[in-house]
Amino acid sequence: MLIAVDQLTRTYDLGAAKVHALRGVDLKVEEGEYLAIMGPSGSGKSTLMHILGCLDTPSSGRYVLGGEEVSGLSGRELARVRNQRIGFVFQNFNLLPRIDLVANVALPLVYHGSVTKTERIRRASEALEQLGLGHRLKHRPNELSGGERQRAAIARALINQPNIVLADEPTGNLDSKTGHEIMDILDALSAEGKTVCLVTHDANVAEHARRTVYMQDGAVAREDYS
Amino acid sequence: MNLVESVGAGLRDMSSNKARAAITMVGIVLGVASVVAVLSLMQGGRAQTEAFFEELGGLRELRITNTRTNRVFMTAAERASERLTYRDAHAIRFECPSVSYVDPEISRYLTVSYKDKSFQMRVLGTTADYVFADDMPVAEGRFITDRDLDTYANVIMMGPTYRDDIFGDEDWRGKQVQVEGIPFAVVGIMEKKEFYFRGGGGERNVLEWFNRGHYIPITTMIKRFTVSDQLGGLEIAAKSVDLVPTLMEETRTVLSRRHGVEDFDIESKSEQVQQQAEQQAFFNIIFWVVAFISLFVGGVVIANIMLSSITERIREIGVQKAIGASSRDIFIEFLVEALVITSVGGAIGLALGYGVVRAMESALIMPMAFSPSILLLAFLTSVAVGIVFGIFPALRAARLDPVEALRYE
Numbered sequence: 001m002l003i004a005v006d007q008l009t010r011t012y013d014l015g016a017a018k019v020h021a022l023r024g025v026d027l028k029v030e031e032g033e034y035l036a037i038m039g040p041s042g043s044g045k046s047t048l049m050h051i052l053g054c055l056d057t058p059s060s061g062r063y064v065l066g067g068e069e070v071s072g073l074s075g076r077e078l079a080r081v082r083n084q085r086i087g088f089v090f091q092n093f094n095l096l097p098r099i100d101l102v103a104n105v106a107l108p109l110v111y112h113g114s115v116t117k118t119e120r121i122r123r124a125s126e127a128l129e130q131l132g133l134g135h136r137l138k139h140r141p142n143e144l145s146g147g148e149r150q151r152a153a154i155a156r157a158l159i160n161q162p163n164i165v166l167a168d169e170p171t172g173n174l175d176s177k178t179g180h181e182i183m184d185i186l187d188a189l190s191a192e193g194k195t196v197c198l199v200t201h202d203a204n205v206a207e208h209a210r211r212t213v214y215m216q217d218g219a220v221a222r223e224d225y226s
Numbered sequence: 001m002n003l004v005e006s007v008g009a010g011l012r013d014m015s016s017n018k019a020r021a022a023i024t025m026v027g028i029v030l031g032v033a034s035v036v037a038v039l040s041l042m043q044g045g046r047a048q049t050e051a052f053f054e055e056l057g058g059l060r061e062l063r064i065t066n067t068r069t070n071r072v073f074m075t076a077a078e079r080a081s082e083r084l085t086y087r088d089a090h091a092i093r094f095e096c097p098s099v100s101y102v103d104p105e106i107s108r109y110l111t112v113s114y115k116d117k118s119f120q121m122r123v124l125g126t127t128a129d130y131v132f133a134d135d136m137p138v139a140e141g142r143f144i145t146d147r148d149l150d151t152y153a154n155v156i157m158m159g160p161t162y163r164d165d166i167f168g169d170e171d172w173r174g175k176q177v178q179v180e181g182i183p184f185a186v187v188g189i190m191e192k193k194e195f196y197f198r199g200g201g202g203e204r205n206v207l208e209w210f211n212r213g214h215y216i217p218i219t220t221m222i223k224r225f226t227v228s229d230q231l232g233g234l235e236i237a238a239k240s241v242d243l244v245p246t247l248m249e250e251t252r253t254v255l256s257r258r259h260g261v262e263d264f265d266i267e268s269k270s271e272q273v274q275q276q277a278e279q280q281a282f283f284n285i286i287f288w289v290v291a292f293i294s295l296f297v298g299g300v301v302i303a304n305i306m307l308s309s310i311t312e313r314i315r316e317i318g319v320q321k322a323i324g325a326s327s328r329d330i331f332i333e334f335l336v337e338a339l340v341i342t343s344v345g346g347a348i349g350l351a352l353g354y355g356v357v358r359a360m361e362s363a364l365i366m367p368m369a370f371s372p373s374i375l376l377l378a379f380l381t382s383v384a385v386g387i388v389f390g391i392f393p394a395l396r397a398a399r400l401d402p403v404e405a406l407r408y409e
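Protein chains in written order, with my numbering: chain W, 1 to 226; chain Z, 1 to 409.
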């Protein structure tokens, strides 16, 4: 069992009102699963994704990741988990605008520490070449197309060889052809044995996953296996 | 990320937005330049004061003078005292263990004539120690000796200024001059003494007074030209600067016993130097205030611009955290950025300050001294400003919540 979530709640305290984003989510994900989380806006899918990605902490409930209780970790330990065990892919790519692609992709290695600069550049260049961006190494993100940016973002997510890839609407800002290219890459990652978890409201995207979790009002409504 | 890389990243970041970096640095540049100028000015003033007193015989010296008292208010004991005498000088020389030399002086304006020329001139009766006491080098011939003193010799050592007036083109060697009609053998010529204060408007040699005097043995002066051996003043020197306070006490004891009353003042030159420095320090406060304000303003500008740059970069900070940056990583990144800005600004400020110092010096407005320690101190100040004013923005960046930062538009 890679991910085990038990009665997870997340409440935002906005002073006058309390917003219950998650109201008791139970979810188990096996190593190597290809999972899509679907649901309308406000169903809590993004909040769940943030907690699974250790960006946010639950108000109550347990979250065990790879046998480790994550709920009680310190900020620094959470940063280490995000750095080494999870790769993030965002809807709007989120590459840093002022540095070139190699530097962007090498950044997680910088935070990992103990990797020399030469080694970082070598590994980042290699990762970009594998995703067909060998000719773009020294370009800045704003000089690239959306598809190229998302491929660079995937290279960055994979650079520390995490076992989980979390993708939040990875094709949301792309045309359908480029979106297919990105989904092909995610499919390939799944085939290589990575655990891939998509958040989307696009049924066509969710079809790529073998298991779909539907969320409604901060809880899991139903699950489908294809 | 190691420090060298962080600094490199900071520099790259700065060069990517040159206008902003320049505005950010102006305050720091001006602040550091003022610090350099103030420190140079202070050091220069102090060095000049010390040089002046050194020219006057060094910091080991004490000057003893008669206390000025209105005769009407004098006590009986004060009236009975003979005041400072040549015998006091002898007593100090033999009874005070810390004394190195004693320089009693009696000066009179006397008629000095040679052939048909005649002048009223200041003649100083003194001892062989005078050359040490006032650091008076002999240019030609010799000074008065102990033997001259013992034998009440009629010998005269002449000041450089009047040499040409008296002898013209003639060689002074082997000549005699008449002092109040008494023949005196000329034994030497003093060296010219010079000191020019910079900034005081001055091409004026403030020590010219020394060049216009002539010297005869004090014993001869007492025997021939005065009614008593009362001295105008007495300069004595301690064996070392450390012994100055001890010698002060010893002298006070000896003179009080001999006079029966404390009708004299003892003043040390190091005290005068100290007083001068304190006065200077007071004037320098205004420069310090200016330097401090510019540094403070520079720091506030840096903090302000960093805070606004953090607002621009909130999303980036969120992304950095999502891919594994800890709060500490973000804190260091921003603090290093502040330090890079202040260090570069500090370096420019040093160059500017150096230019200002050189300009002021060549314009002869102020005496300035420049030293590596000034450079170091001013540079460290700029680094300190970077740390102090960088900490708050860096903490704010580090504490951003990753989810909120990622959502920020």
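One or more of the hints may lead you astray.
Said to hold, decoys possible - Chain Z stretches covered by chain W per the calculated footprint, using a threshold of three residues with CB under 8 Å from any CB of chain W: (1) 36 to 43; (2) 397 to 406.
Unchecked claim - Distance windows between CB atoms, simulated: (3) Z:V388 x W:S114: 26 to 36 Å; (4) Z:V300 x W:D184: 48 to 58 Å; (5) W:G42 x Z:R399: 26 to 36 Å; (6) Z:Y408 x W:M1: 27 to 37 Å; (7) W:R140 x Z:V300: 30 to 40 Å; (8) W:G42 x Z:Y408: 14 to 24 Å; (9) Z:I387 x W:T116: 27 to 37 Å; (10) Z:Y408 x W:S114: 39 to 49 Å.
To be verified - A few chain W residues that don't get close to chain Z, going by computed Cβ distances all over 12 Å: (11) T9; (12) G15; (13) A17; (14) L27; (15) R98; (16) N163; (17) E192; (18) A219; (19) V220.
Bear in mind the hints are in silico, worked out from the structure with no lab data behind them. All residues carry an ideal CB built from backbone N, CA and C; glycine is no exception.
Cross-check of the supplied hints:
A count of 0 residues in the region 36 to 43 of chain Z with a Cβ less than 8 Å from any Cβ of chain W is obtained; the coverage claim is therefore unmet, three being the minimum. By the rule of at least three residues with a Cβ nearer than 8 Å to a Cβ of chain W, the coverage given for the region 397 to 406 of chain Z holds, with 3 such residues. One distance hint, 26 to 36 Å for the beta-carbon pair V388 (chain Z) and S114 (chain W), holds here, with the actual separation near 32 Å. Under the hint 48 to 58 Å, the C-beta atoms of V300 (chain Z) and D184 (chain W), about 53 Å apart, fit the expected range.
At about 28 Å, the CB distance of G42 (chain W) to R399 (chain Z) agrees with the hint of 26 to 36 Å. As the Cβ distance of Y408 (chain Z) to M1 (chain W) is approximately 35 Å, the hint placing it in 27 to 37 Å holds. Under the hint 30 to 40 Å, the C-beta atoms of R140 (chain W) and V300 (chain Z), about 32 Å apart, fit the expected range. As the Cβ distance of G42 (chain W) to Y408 (chain Z) is approximately 19 Å, the hint placing it in 14 to 24 Å holds.
Take I387 (chain Z) and T116 (chain W): their Cβ atoms lie about 29 Å apart, and the range 27 to 37 Å holds. A hinted range of 39 to 49 Å for the beta carbons of Y408 (chain Z) and S114 (chain W) is inconsistent with their spacing of about 31 Å. Listed as a non-interface residue, T9 (chain W) keeps its Cβ farther than 12 Å from every Cβ of chain Z; the least gap is roughly 16 Å. A cut-off of 12 Å between C-beta atoms confirms that G15 (chain W) is not in contact with chain Z; the least separation is 15 Å.
The Cβ of A17 (chain W) sits about 17 Å from the closest Cβ of chain Z, beyond the 12 Å cut-off, so the non-interface label holds. Look at L27 (chain W): its CB is around 19 Å from the nearest CB on chain Z, clear of 12 Å, so calling it non-interface holds up. In this structure R98 (chain W) is not separated from chain Z by more than 12 Å, as the shortest Cβ-Cβ distance comes to only about 6 Å. Residue-level check passed: N163 (chain W) sits 15 Å from the nearest beta carbon of chain Z, beyond 12 Å.
Annotated as non-interface, E192 (chain W) keeps its C-beta farther than 12 Å from every C-beta of chain Z; the closest such distance is 20 Å. Its beta-carbon lying about 20 Å from the closest one in chain Z, A219 (chain W) satisfies the requirement of being farther than 12 Å from that chain. For V220 (chain W), the requirement that its beta carbon stay farther than 12 Å from each beta carbon of chain Z is met, with the minimum near 21 Å.
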